[in-house]
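Trainee: So the sequences go chain by chain: L and B.
Take 0 as the starting number for the first sequence in numbering that gives the first Met the number 0 and just add one per residue.
Take 0 as the starting number for the second sequence in numbering that gives the first Met the number 0 and just add one per residue.
Worth flagging that the hints you see were computed from the coordinates, not collected in a lab.
Be aware that one or more of the hints could be misleading.
[Stated by the list, open to error] With a straight-line cut-off of 16 Å between C-alpha atoms, the simulated EDC-like cross-links for lysine to aspartate or glutamate are: (1) B:270 <-> L:39; (2) B:188 <-> B:269; (3) B:270 <-> L:38; (4) L:201 <-> L:258; (5) L:201 <-> L:259; (6) B:188 <-> L:39.
[What the hints assert, rightly or not] Derived coverage of chain L by chain B (criterion: at least 3 residues anywhere in the stretch with Cβ under 8 Å from a Cβ of chain B; other residues may be distant): (7) 40-51; (8) 133-139.
Just so it is clear, the structure is predicted and the values come from calculations on it, not from any experiment.
Idealized CB from N, CA, C, for every residue including glycine.
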Amino acid sequence: MFKILEKRTLAPDIVLMDVQAPRLARAARPGQFVIVRADEHGERIPLTISDYDAARGTVTIVTQGIGHSTRKINALEVGDHLANVAGPLGRPSELLDIPQQELQSRRILFVAGGLGAAPVYPQVKWLHERGVDADVIIGAKNRDLLIMVSEMTAVASEVYIATDDGSEGFRGMVTDLIRDLVDNRGKRYDLVVAIGPMIMMKFVALTTKEYNIPTIASLNTLMVDGTGMCGACRVTVGGRTRFACVDGPEFDAHQIDFDEAMRRQTMYRSHEQAALDPVREKDHTCRIGLK
Amino acid sequence: MANKIPRVPVREQDPAVRATNFDEVSYGYDQGEAQLEASRCLGCKNPRCVADCPVSIRIPDFIMKVRDGDFQAAADIIAQDSSLPSVCGRVCPQETQCEGACILGIKGEPVTIGKLERFVGDWNIAHGDKTPPQITPNGRRVAIVGSGPAGLACASDLARLGYAATIFEALHKAGGVLQYGIPEFRLPKERVVACEIESLRRLGVTIDTDTIVGRTVTVDELLDQEGFDAVFIGSGAGLPKFMGIPGENLNGVVSANEFLTRANLMRAYDKGYDTPIHTGERVVVVGGGNVAMDAVRTAKRLGSEAVIVYRRSQAELPARVEEVHHAGEEGIEFRMLTNPVEILGDERGWVRGIRCVRMELGEPDASGRRSPVEIKGSEFEIECQTVVMALGTSPNPLIATTTNGLQTQRWGGIVADDDGATSREGIFAGGDAVTGAATVILAMGAGRAAARAIDRYVMDKLEG
Numbered sequence: 000m001f002k003i004l005e006k007r008t009l010a011p012d013i014v015l016m017d018v019q020a021p022r023l024a025r026a027a028r029p030g031q032f033v034i035v036r037a038d039e040h041g042e043r044i045p046l047t048i049s050d051y052d053a054a055r056g057t058v059t060i061v062t063q064g065i066g067h068s069t070r071k072i073n074a075l076e077v078g079d080h081l082a083n084v085a086g087p088l089g090r091p092s093e094l095l096d097i098p099q100q101e102l103q104s105r106r107i108l109f110v111a112g113g114l115g116a117a118p119v120y121p122q123v124k125w126l127h128e129r130g131v132d133a134d135v136i137i138g139a140k141n142r143d144l145l146i147m148v149s150e151m152t153a154v155a156s157e158v159y160i161a162t163d164d165g166s167e168g169f170r171g172m173v174t175d176l177i178r179d180l181v182d183n184r185g186k187r188y189d190l191v192v193a194i195g196p197m198i199m200m201k202f203v204a205l206t207t208k209e210y211n212i213p214t215i216a217s218l219n220t221l222m223v224d225g226t227g228m229c230g231a232c233r234v235t236v237g238g239r240t241r242f243a244c245v246d247g248p249e250f251d252a253h254q255i256d257f258d259e260a261m262r263r264q265t266m267y268r269s270h271e272q273a274a275l276d277p278v279r280e281k282d283h284t285c286r287i288g289l290k
Numbered sequence: 000m001a002n003k004i005p006r007v008p009v010r011e012q013d014p015a016v017r018a019t020n021f022d023e024v025s026y027g028y029d030q031g032e033a034q035l036e037a038s039r040c041l042g043c044k045n046p047r048c049v050a051d052c053p054v055s056i057r058i059p060d061f062i063m064k065v066r067d068g069d070f071q072a073a074a075d076i077i078a079q080d081s082s083l084p085s086v087c088g089r090v091c092p093q094e095t096q097c098e099g100a101c102i103l104g105i106k107g108e109p110v111t112i113g114k115l116e117r118f119v120g121d122w123n124i125a126h127g128d129k130t131p132p133q134i135t136p137n138g139r140r141v142a143i144v145g146s147g148p149a150g151l152a153c154a155s156d157l158a159r160l161g162y163a164a165t166i167f168e169a170l171h172k173a174g175g176v177l178q179y180g181i182p183e184f185r186l187p188k189e190r191v192v193a194c195e196i197e198s199l200r201r202l203g204v205t206i207d208t209d210t211i212v213g214r215t216v217t218v219d220e221l222l223d224q225e226g227f228d229a230v231f232i233g234s235g236a237g238l239p240k241f242m243g244i245p246g247e248n249l250n251g252v253v254s255a256n257e258f259l260t261r262a263n264l265m266r267a268y269d270k271g272y273d274t275p276i277h278t279g280e281r282v283v284v285v286g287g288g289n290v291a292m293d294a295v296r297t298a299k300r301l302g303s304e305a306v307i308v309y310r311r312s313q314a315e316l317p318a319r320v321e322e323v324h325h326a327g328e329e330g331i332e333f334r335m336l337t338n339p340v341e342i343l344g345d346e347r348g349w350v351r352g353i354r355c356v357r358m359e360l361g362e363p364d365a366s367g368r369r370s371p372v373e374i375k376g377s378e379f380e381i382e383c384q385t386v387v388m389a390l391g392t393s394p395n396p397l398i399a400t401t402t403n404g405l406q407t408q409r410w411g412g413i414v415a416d417d418d419g420a421t422s423r424e425g426i427f428a429g430g431d432a433v434t435g436a437a438t439v440i441l442a443m444g445a446g447r448a449a450a451r452a453i454d455r456y457v458m459d460k461l462e463g
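Next up, chain L with everything else stripped away, as it sits in the complex:
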């Protein structure tokens, strides 16, 4: 059981929690994720690590309540326990392998869409602690859905905001903002790291390809165990099947088959909707003799 020490609502349905998990907090690195189960009957949900504190023995997770299982997580309060928090899983960001001197000469742009700001934050923070200042774009539908802007501002060189409706910052998609920065504002980048909805990462990859900027995307695929056992997270990268949980979650965005990845994300969607819809549940006749 993993105790929730802090809980904050960052935006409608988006909740941040500090969870007690000392071993995990010691081992966590930027780019990794955890698998969380709210209770004994819950699904195992992969969530990105948005911060960690080895001294305090806590990891920070940010969850968007979009389905039954994520809402269950977000319904828990300070003092409650998550049944399971396992990790850190996946490979740490490859930025960690680059020597510091080389890192300092890199011009890095992070593109965070929606919930993606949460996993982007520890990477930017890690770089900042090593004297590397990166730019960050945070994109959201509207200003109410922007998260972690002040945290990011504290560790990033520049934070650019993009909202679809223009309610804050740049009006338009993050891809339009990338173009604006490069075409009109004289920005040059050697590396883009995109984390957010699949569709956003796909279009960021298409955009940066035009500019020939190497790009990394972090894939939030379906998973069960998160350790390479189930293969639910299969993605095609450069024509090869890879497991996002152990080979990723970060891959060369220009090599990822995003259309396949997006299609694979929908595999259990009908079930998820049924679980949210008690009327449909009622109409369901069980075929295996259960009540």
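Add chain B to chain L, keeping to what the hints say.
Mentor: Frame of chain L; chain B shown alone:
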């Protein structure tokens, strides 16, 4: 003559009924049945069954105790060589081990050693002596990676020797393959697996779930920073294989690991759990081993037509005879000498069928089995909505790649001798992590051998 008594049949759920539920197929013997079946044993002076048991359980001895109604004594005899009789009695391939060697089998039917073992194991869980043995702690600590058969057996023996044993399990429930792999209808989780784990806890073994060795903590950290005297790696063979044919990433293609983990560990068949599982009108399972049988029978129980596609013939099926027999009774369709060449999708990227080619048997291959050869122009399609790949598994590289200087085979298995000693001092390994996918009993045996070796290693070091 004892052997004139016909083999005592074991009562089973009616196939038509059990194909719609997840309750255990076999009810097992009651006391009277067990004693009658036990009376068939000839008590051979040179028992061939013992020779063919991977852990050399003193089979005639325990069977004689069953015959005499002294079930505690029978349990004690088995316990000397096996720590999981309720499990192995259910899942061992007895026909190629003990029962295959039974003298009675030459002219008639062998003693049902597996069912008797199960009876004794279940009796012991229900009525056996639960008082923990007197253990004098020796102050030494051993970390055990993985809570499957190898890890459970290793921990149990070490605890009895006085060690403080801590098992680290990556998933949220202990048991390894007993929990995520083998279905409820073959191995009940509460009545058997949970009881075996509870008995380990009574011995003082600590189990840390949600701890992925290689990620949450490394083997080197356990030895250097957390003060463990030795580490046993029993992390199994958990990586699924795929065929590498077109269409394998379509929606509706899953590994048997995923399918079974959703059903077993995550209880997708139980409405009280949130776990989704994808089936459809027809599910095709590719493979012929026990895992394939487990997957196809699970699909059937979830309400689908369920089909096995296997490239060799019935005679080469590697699954236990009993599983194949039960599957047949439950209405599983077997398409033998059939090999998938492509998985077909609809315009939305979901599985709509599988294209297969018919095979014929050619010359024996390295494994001694006749190898299947494609019959040209024999391609055909089977309509289905789900394809489950049950092609075997290989060891997870996570531990080997995060442990300094731990040697592995080219295919990923950890290099270890018969006692489990690896290329690193103080690190031992056993079970599927060393051999590749094998059986519960071999893993259990390896765990026990490693426990003895770990004890020698730690004691030598103390003296030295």
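Trainee: List in ascending order the numbers of the hints, as given earlier, that are violated by the structure.
Mentor: Violated: hint 8 alone.
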